[in-house]
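Protein chains in written order, with the numbering used here: chain A, 61 to 487; chain B, 2 to 424.
Worth flagging that the hints you see were computed from the coordinates, not collected in a lab. Bear in mind the structure is a predicted one, so any value in this text is a computation, not a measurement. Be careful, since some hints might not be right.
[Said to hold, decoys possible] Residues from chain A that face chain B, not an exhaustive set, calculated with beta carbons under 8 Å:
1) 205
2) 209
3) 213
4) 420
[Stated by the list, open to error] Short, incomplete list of chain B residues facing chain A, as computed with Cβ under 7 Å:
5) 21
6) 57
7) 280
[Stated by the list, open to error] Calculated Cβ distances over 12 Å to all of chain B for the following chain A residues:
8) 63
9) 81
10) 93
11) 122
12) 216
13) 280
14) 298
15) 310
16) 355
17) 377
18) 399
19) 421
Note that CB positions come from ideal geometry on N, CA and C, so glycine has one too.
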Amino acid sequence: MKTIKIKKLNEIIYHETLDNGLNIYFYKTPGFQKKMAYFQTKYGSLYNDFIPINASEMKSFPLGIAHFLEHKLFESNDNESVFQKFEKNGAGVNAATTYDKTYYYFFGADHFYENLEILINMVQNPYFTDENVEKEKGIIGQELDMYSNNPSQVLLQKLYYNAIVNHPLKYDVGGTKEEVNKITKEDLYECYNTFYHPSNMILVIMGDLDEHEVFEFVRKNQAEKHFEKSKEIKLKKYEEPEKVVKKEETIYHNVVSPKIGYAYKFILPKLDDKKSFLRESYIQLFLATKFGSTTEFTEDLIKKKLVKSYFYYDYVFKDNIAIIFFAGDILDDEAVNDLIEEKLHDFSDLKEVFELYKKAYLSSYVKMFEVPDSVLNHIRIYVNRYGYVFDDLYELVEGISYDEYLKYVQSLKFNQKTKVTVLGKEE
Amino acid sequence: MKKIETTYNDIPVTIIETDKFKSVIGSLYFKTPIKKEMMVTRKMIMNLLLHTCKKYPQSKELNKKMMDLYNPSIVANTSREGNYRINRFAFRILDDKYTKDGNMLEAIKLFREIIFNPNVSDNAFDKDEFNLEYQAMKSEIESKIERPKNYALEKLDCQMGEGTPISYVATIEDLNKITSESLYQDYLKMIKESEIELILAGKTDNQDEIIRTVLDGLKTVKYDKELIISSDIKNEVQEEKETYDGKQSILTVGLKLGDISDYERSYVAPIYSGVLGGGASSRLFSVIREKNSLAYSCFSRYEKDDSVIVVSAGIDGKNYEKALSLIKQIVSQMSEVKEEEIERVKKEITSSLKESLDYLNSYPNYVYKAKLYNDTSDIYEKIKEVNKVTLKDITNFSKKVFLTDSFLLEGESSNENNKDKEA
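Let's have the full structure, built from the sequences with the hints guiding it.
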C-alpha cells in the first residue's frame, strides 16, 4: 500500500496494485457516513474495433455494445437480482458507460464490505443467455428513445457525426436500435473477456474505514479467483483527417424555436500527460475568457435579438481529437457566426481575467475535497485518462504562465467547422 | 455535529456546528403563502438578483468580483412546498485559511448586496435586465414540451390538483402581466412580508458577526396557513391523452392520499412509495421494466405536502393500455406487501438520512423542511421512527390510496405502429 500525498492540501489517497493487475485507490473520510465504491474498466464506446483476447483478427462489434454489456452485468444466475441484493442493505447501485470507460458503483451508509463484495462479484461473474440478451433490447430501445427525445442532445450528436470521418467519437455511446438489435451473447463474452481483466480495471473506494482492512478485503477476494495472465489489448488505430465530413445540415425535431450548433474540429499532436492537461486547460481558459460569465457575450446576443434566449459553448477531447462547439436558439445565423469568429481571433483582452480564472479554478479544486464523492470521480477520471492521480495539480495550475497560454491559443486554427440546424417537424 | 437554535431580531437561526468541511454555508429562506403568479414572479426575481446588483450593474463585473473573492458559490432556488412559496438564497464560502484573511466576511457582504441591493432605478428593475429575464422565462415556458418527462408530470399535476396550488404552473398569461415596476413591488413584498429563517453550517469563530452581517435590518412575519394540501378524491379514474412530435411516450399516473394521520404522512407513506416505485427492487421497476421490458425508467415519487404519489414511465405508445393496466394492478395489490419489501425501503431511507449529514447543502435543507412541519427531531430519532413502521401500517395505509388520474403524452412511434396495423 502506497500513499499519494496531495501537496498543499494535506490530503491522502491510498493506492495499491494487486498481483492480478487490479489497481485500488482508497480515500479515507473521517466523520462521513457515506461509503462508496466504483469498479471501472477502461472500456467504452470508442473501443469498438479490436482483436479479441485469444483471437488473431481485428473485429468490429455492433455500435453500443459497451453500454449493452454494462446493462447485462447486472444479471445474475441466482434468483435474487443484484439490485435486490444492494437494496436489501439500504444501498443504491448504478452504472454508466462513456466514450472511454464503463463504471459500476454503489453507495450507502452501512454494510460496506457486503456491498463491496456484491459489486466485485457482480462485475466479475458475467451471466449472459440468449434470453436475457433479447430482453435487454427492449429496455435499451426505450433508453435510446428517451435520449432521442431531447433536441439539444440530438443536435450535439449530429455535430459529432458530421465533424468526424473515421474515429468512433462520431457515434453516440448507446449506439442505434438497429445496431443494438444485432448484439449476441457471444459478442458480449468476447468484449467482456478482453476488457474486464483486472489489469484493465480500477477499484476506487471512499469511507470512514480502516485502510488496512479495505485493502486486505480486496486482496483476499481477488486471491480466491482465477484470472488468465493479462495480455496487451490491441485496439484499431484510426486515421482521422483534419477535414469535417459535412459543412452543414438541417434536421427536424420537436423544437418550439429553431436551434443551431457549430462545431470546430482539431487534430492535435500527442503530448505527455501534464502537457496534455495544460493544453486542455489553455483551451478551457480561452473559451471561458471569451464566452464565459466574465463576458456578456450571450446577453449581448439576446439584447441584439440575434439569439432568442440561450447560448452556450463546450468542448470535448478524446485521443487526438478536440471538438469545440457552440449552440443556442439562434435567430440570426450569419451575425452570430461572425461574432463567434471575431472573438476566437481576438487576443487583446485576455490578460485581465487570466489570474481571476486561475483563482476560481484553484478554489474549486480545494472545495472538491469537502465533497468526497467528487474526489472519487476525480480519481477515476484522472487514472482513466492519464494512468495516475496528479499530486501537484494545485501547483501545476498555479504555475500556468500567461505567455505560454497566449502562445498556444494564438496557434489554434479554427478553420474546420460544421453547422447543424434543428427545425420544428415538417408538416 | 451540534445543532444550536437561536434568534436574531426574532428571526429564527439554526447553527449546525461541524468541522467536517472546509467551507461555511448559509441558507436564507423567504416563505410566503403561494399565489399562482408567483410561479413566474418569484423565479424571475431570483434570477434577476443573481445576475447583477446595484454595485455591480453588469453581470461580467459581478462575476469578476466573485472570482476575485475566490469564487464563493452564491446560489438560489425557488420551490412550492404545499401552500407556500419558498425562495432560498445560499452561500458556500471557503474558510479564510484556504484563501486570505477577511475573504469570508467580504464574500458575505457581497451576498447581502446581491439580495438586498438590487439593480433598480425609478422603482423598477433595470429595464435591460428585466427584458433579458423576460425573454428567458418566455422561452422556458414555450419550450416545456422539449422536456417531455417534466411536461407530462406537470400536466398530471394540473389535472389531479385542479383548484389547488398543485395545479399552479408558469404561464405566458401570467408572464405578460408583469412589468419591471410590478416585479420590483413583488420583490419588496418578498423581503418585507416573508417568514424569514437562516440556517448556518460549518465551523467558524465569528458566527455572531456572520449572522449580524446577513440579517441586519431584516424583519420577519409569521404565517399560520396550513402547509399541507389535501384535494378532493373523485370516484372515477380520469384518463387524459395528448400527442406530440417526440419519439417516446410518457405515461404518468396520479395517486391521491385520503385522510391520513401525521404519523402516516411522515413515516408510512415514504415506505409505501418506496415499495411501489423507489429503486430497482420496487414493484413498478420489476414488473414494468424487468418482467415486461416496457420501459427504461419507471418510478414513483411521494409529494408529502401535496398528499399525492405520482408515477412516471417512458414507454412505447403502442404499449399504453398494457402499461396502464399493469400499473393499476400493481397499485391494487399494494395491500399485500411483504416484510422483506418494507425492510428494504427502511434500510434505504435510513441510509439516505445518514448520508444527508455528509453534504453541506442537503443537511440544512433537511433541517428547514423538518421545521416547516414543526419537527425538531434529529436524524437518529427519525431513523428510529422509520424503523417502527409495520406491515399492518402499510396495509391500513394502502386503503387510503386512490388511483385517480392518468396522463399520456403520446409520441410518434405509436402512431406509426397504428398505421402499420391499419395497413
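Evaluated hints:
Contact between residue 205(A) and chain B, as hinted, is supported at the beta carbon level, the nearest pair being about 4 Å apart and thus within 8 Å. The restraint placing residue 209(A) at the interface with chain B holds, with a minimum CB-CB distance near 5 Å, inside the 8 Å limit. Taking 8 Å as the C-beta contact cut-off toward chain B, the hint placing residue 213(A) at the interface is violated, the least distance being around 11 Å. With a cut of 8 Å, the hint placing residue 420(A) at the interface with chain B holds, because the nearest CB-to-CB distance is about 4 Å.
Given hint, residue 21(B) at the interface with chain A, holds; its Cβ is 5 Å from that chain's nearest Cβ, closer than 7 Å. A cut of 7 Å between beta carbons decides the hint on residue 57(B): the least distance to chain A is about 12 Å, and the hint is violated. The restraint placing residue 280(B) at the interface with chain A holds, with a minimum CB-CB distance near 5 Å, inside the 7 Å limit. With a minimum CB-CB distance of about 21 Å to chain B, residue 63(A) clears the 12 Å threshold, and the non-interface call stands.
The Cβ of residue 81(A) lies farther than 12 Å from every Cβ of chain B, with a closest approach of about 31 Å, so its non-interface assignment holds. Listed as outside the interface, residue 93(A) is inconsistent with that label: its C-beta sits roughly 4 Å from the nearest C-beta of chain B, within the 12 Å cut-off. With a least CB separation of 19 Å from chain B, residue 122(A) remains clear of the 12 Å interface cut-off, as annotated. A cut-off of 12 Å between C-beta atoms confirms that residue 216(A) is not in contact with chain B; the least separation is 14 Å.
The beta carbon of residue 280(A) sits about 25 Å from the closest Cβ of chain B, which is more than 12 Å, so the claim that it is off the interface holds. Distance check for residue 298(A) against chain B: the nearest CB is about 30 Å away, which clears 12 Å, and the non-interface claim stands. Distance to chain B confirms residue 310(A) as a non-interface residue, since its nearest Cβ pair spans about 16 Å, more than 12 Å. In this structure residue 355(A) is not separated from chain B by more than 12 Å, as the shortest Cβ-Cβ distance comes to only about 6 Å.
Even its closest Cβ contact with chain B, about 24 Å, leaves residue 377(A) beyond 12 Å, as expected for a residue assigned away from the interface. Non-interface status of residue 399(A) relative to chain B is upheld: no Cβ of that chain comes within 12 Å, the nearest being about 16 Å off. At roughly 9 Å from the closest C-beta of chain B, the C-beta of residue 421(A) falls inside 12 Å, breaking its exclusion from the interface.
Checked against the numbered hints above, the structure breaks hints 3, 6, 10, 16 and 19 and satisfies the rest.
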